[in-house]
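Student: Chains as they are written, first to last, in the numbering used here: chain Z, 1 to 443; chain F, 444 to 734; chain A, 735 to 995.
Note that these hints are calculated values from the structure, not bench results.
Hints should not be assumed to be uniformly reliable.
Listed next, the in silico DSS-like pairs over lysine-lysine satisfying Cα-Cα at most 30 Å (straight line) [stated by the list, open to error]:
1) A:K918 to A:K955
2) F:K607 to A:K814
3) F:K634 to A:K890
4) F:K634 to A:K809
5) A:K832 to F:K607
Here are some of the chain F residues that sit facing chain Z, going by a computed Cβ distance under 10 Å [stated by the list, open to error]:
6) H538
7) S549
8) V596
9) G612
For each residue, glycine too, the CB sits at the ideal point set by N, CA and C.
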Amino acid sequence: MTTDTDAADTNGTAAAGTDSNSTAASTTAADGGSGNPAGPRRTAAAAGSTPPAGPHPRLTRRTAAGAAAGLAGFVLLILLPLLNLSLPGVLPGPTYTPGSLQLLAMCMLMAAAALTYHLLLGVAGLLSFGHALYFGAGVYGLAIILQNLDIPLLPAMGLTLLVVIVLAHVVGSISLRVSGIPFAMVTLAFAQAGSVIVGRNPDGTTGGDEGLTLRTDNLPDFLVGVVNTRNLYWLALAVLVVVFVVVTWVESSRAGHLAAAVRENELRVRVLGLQPYLVKLLIFVVSAVLVSIIGMVFLLLQSGAVPRAISADLTITLLVMVVLGGVGSRWGAVIGGIFYTILDQRLTTLANSDAIDALPDILRIPLSEPLFILGTLFILVVLFLPGGLTGAAKRLAQRRNRRGRSTGHDGTGNDSTGPDRTGPDRTGHESTATSREILEESA
Amino acid sequence: MSTVVLLLFTGLGLGALYFLVAAGLSLIYGLMGVLNFAHGAFLTLGAFAGWEVARRAGSDDWWTFLLSLLVGAAAGAAFAAFTEFVLIRRLYQRHIEQLLITLGLSLAAVALFDGIWGTDPVFIQGPAWFKDTTEILGARVPNDRFVCIIAAVLVLLAMVFFLKNTRYGMIIRAGVENRSMVTALGIDVRKAFTLVFTIGGAAAGLGGVLASHYFGYVSPMLGGSLLIFAFIVTVIGGLGSLTGAAIAAVAVAVLQQFANFYLGGTGDFVVVLALALVLLFRPSGLLGRTS
Amino acid sequence: MTAAADARPILRIEGLNAHIAGQQVVEDVTFTVPATGITALLGRNGVGKTSTIKAIIGLIDRTGTVELGGVRIEKEPTFKIIRSGVGYVPEDREVFSKLTVAENLRLAERDDAPRRQLVEELFPDLLARSAQMAGTLSGGQQQMVSLARALLNTNKILLVDEPTKGLAPKIVAEVAETLAEAAKTVPILLVEQNLHVVRQLAEGAVVLSGGRVVHTGSALKFLDDAELTQRLLGVSAEGPAGDSPARDNTARETSGKGAAL
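Model the full assembly from the supplied sequences, consistent with the hints where possible.
Tutor: Take a look at the structure:
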């Protein structure tokens with residue numbers, strides 16, 4: 001619509017004419033900035049998402065193939081302790097050896113822990129710096145109970161869970177009074193208090209810097225000893241699967257959608273008369289409970305509790321895993337967790353190798369510090385790889401797809417605002433579709 | 444009585460250190476919305492730089508100490524300016540990513556310090572006077588406490604003077620209140636960002652040298668442990684408020700000392716409890732914007 | 735102003751789009767502002783008037799063409815756009831409440847020889863209150879500070895966003911007078927809900943609806959067309975214009991989207 005001031009009169013009348021025609025039709029009045037999707041304000045995210053292409057035979061076949069591959073992979077993971085596979089450079093030995101199984105089990109647990117962090121950050125948009133508190137509560141809670149009470153493993157785990165539920169409610173209900181970066185600081189402070197208590201070793205219960213060795217008297221035999229590492233591996237794998245299922249379920253539940261809506265636009269949720277606070281608290285507690293269970297299995301796997309399990313460093317590690325994998329993606333969290341754990345282990349081995357020792361100081365010092373390399377890698381990912389590993393993979397796949405069908409059947413012309421520009425938040429929060437749905441439903 | 448006085452001065456000394464870290468954190472957050480996890484690394488670098496000066500000079504007189512303060516502050520300032528200019532600036536307005544960058548930087552920096560100076564604490568010598576005590580109302584207060592307190596007060600006064608009486612100080616105060624309006628007056632607020640980072644880094648570096656004398660050693664973990672209390676101080680004081688940071692720093696540290704002595708080493712716990720109370724009754728902090 | 739300057743618009747906007755947090759708030763907006771006089775930017779609440787102004791100076795992310803005096807500025811950061819000769823008086827004044835009046839003004843000075851004298855003549859009240867915190871001023875006084883910040887410098891254009899919002903009738907008249915005075919030397923793009931003020935000041939009018947331009951032309955002719963103003967602004971210009979705030983709450987029965995279809 002051009003607007004030459006001279007010609008504007010006629011121009012304006014014409015425009016006004018069309019406007020009057022539409023008056024009867026659209027009575028929704030979207031001019032309140034409230035983002036009515038029927039009005040002219042489309043969300044960029046919605047515009048950027050791929051248009052519904054309808055049922056596509058090739059696509060369904062591909063999904064089926066993917067499911068089959070996934071199943072095969074899962075079966076392989078179950079069978080791993082019975083196989084003699086070698087992955088030089090990744091695993092310290094063949095897959096049936098306790099060393100490799102220990103590392104793999106650790107990968108599973110860290111991936112599961114990253115998933116619970118994804119529930120906080122990716123789903124509810126809560127940047128918590130105190131997640132280690134609940135992991136540590138699981139580790140130390142179970143260790144202390146097994147140490148001091150003469151009860152079997154399962155009741156001990158139940159008791160620990162009870163403590164964690166109370167703790168998560170108290171800390172969550174206070175911390176959630178603020179949001180955003182102050183929330184990060186406050187959760188950090190609470191976790192630090194926990195870490196300090198463990199370090200102080202009150203009445204010798206926590207073992208201070210030394211930590212606690214797991215008392216195995218009341219444990220079932222199949223979970224004790226190096227020969228049973230494969231059982232612990234299976235347990236860790238089961239934990240990962242259960243956590244994945246629960247997280248998926250929470251994400252797709254009403255509470256999950258509401259949490260996503262809160263993340264997108266808290267004010268709107270509040271205007272609709274819904275309770276963002278309670279939803280956030282629910283997610284916070286669920287995530288804490290899950291990670292404490294992971295912590296308990298971690299205790300069994302490590303046969304001991306160490307202060308690192310409750311330190312801010314652990315939370316930061318989880319955050320790094322989630323960001324490396326791609327914020328907002330469940331598989332991203334899993335991949336990030338596994339990738340980080342293996343890389344950390346490999347870099348530590350590398351740091352102690354002769355090849356590094358022979359280097360001049362300026363190379364030797366940075367290369368012999370795994371955290372230096374991981375920290376630098378993390379910075380590079382945040383700077384240059386928005387959406388993390390899964391985001392990069394998705395972009396690659398999309399580019400290949402687009403090249404495949406260069407004729408391009410979507411006439412929306414939205415490619416410029418394409419997939420990697422979903423609004424101002426580059427941490428990769430994807431589709432607002434579900435959250436919008438729930439908003440409309442509630443309205 | 445003498446115990447109370449001793450605890451008070453020890454608390455004030457520690458509060459001075461908290462303030463030197465929290466001042467920069469609070470200004471950076473207030474102006475830019477960046478929660479700077481690398482601030483502890485600025486402090487640690489300052490501490491090591493100061494220690495290197497003392498070691499190379501091979502003496503522990505006052506001149507060496509003053510030089511180490513200067514070098515420590517300069518090292519912290521340079522590291523901070525580098526952080527803002529090279530890393531933070533690329534992610535203008537993306538607060539979460541900026542936070543992540545500072546987090547990655549603190550991981551990498553602490554690991555690098557580990558590699559260069561080792562993970563064990565290195566012990567440090569100051570002028571002999573530091574070891575002496577001064578008697579106040581029957582309490583024998585170690586002299587290094589006074590050095591910390593005096594240095595922090597001087598830094599506070601200098602910062603207030605700068606903020607009140609210079610054009611950049613005015614820009615920073617205005618930017619803390621409404622950053623986009625500052626740019627809408629034709630002011631390049633990014634220069635103020637670099638400046639705030641540099642000032643905050645200098646204060647942290649200075650704090651690092653002082654902290655190494657207060658605790659008697661330097662270690663790569665020094666910054667991280669002070670940083671968490673500095674976070675608590677900034678939240679209690681009100682994000683973006685320099686005066687709030689000063690008041691909260693003293694309150695937190697004194698409370699911590701008294702609780703540690705009278706309540707059986709529960710200082711850290713009491714501090715977190717105080718934080719919870721402030722959040723329950725005044726979520727924006729003591730001197731924060733009430734919105 | 736020479737005749738040549740009259741012929742060429744000072745500000746040309748073409749295909750301007752802007753987003754806030756993923757929401758499109760300005761959609762394909764195209765209009766020009768002549769090099770003299772006051773041009774009113776009109777429309778109901780929330781149609782994107784303020785967003786358009788903010789998009790022009792880059793306070794929100796935007797795409798499209800923005801030309802100031804023939805120079806493309808849409809890629810420039812806000813502070814450079816302002817320095818190239820734009821005076822901005824934001825909605826809700828946005829004075830720095832914890833800075834004194836004098837500091838607010840000093841912060842705004844960007845010319846080598848800011849026109850302090852002019853500002854002191856226009857707003858003698860501010861001189862008396864120069865040491866007072868701007869946050870303690872009345873709404874009208876804050877608006878004076880906000881206007882003064884823009885008038886201190888030599889500008890190619892002033893962007894003035896709802897300067898009379900929430901002010902008493904007497905103050906509204908003062909603000910209008912100030913704008914009329916300023917308009918003698920600099921063109922103004924004025925967002926204004928008070929149609930009485932628009933009628934008094936504006937020569938041209940650009941009307942937005944649903945983030946789009948739906949009408950441009952002479953301000954007077956537009957306001958005289960009761961049916962058109964009723965439809966596009968939801969208010970009758972013939973009514974008790976003055977400073978009735980009721981307009982803000984009038985029914986929003988139409989959506990401007992239709993005009994674009």
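Student: Under the constraints set out in the numbered hints, which ones does this structure not fulfil?
Tutor: Violated hints (numbers, rising): 8 and 9; every other hint is consistent with the structure.
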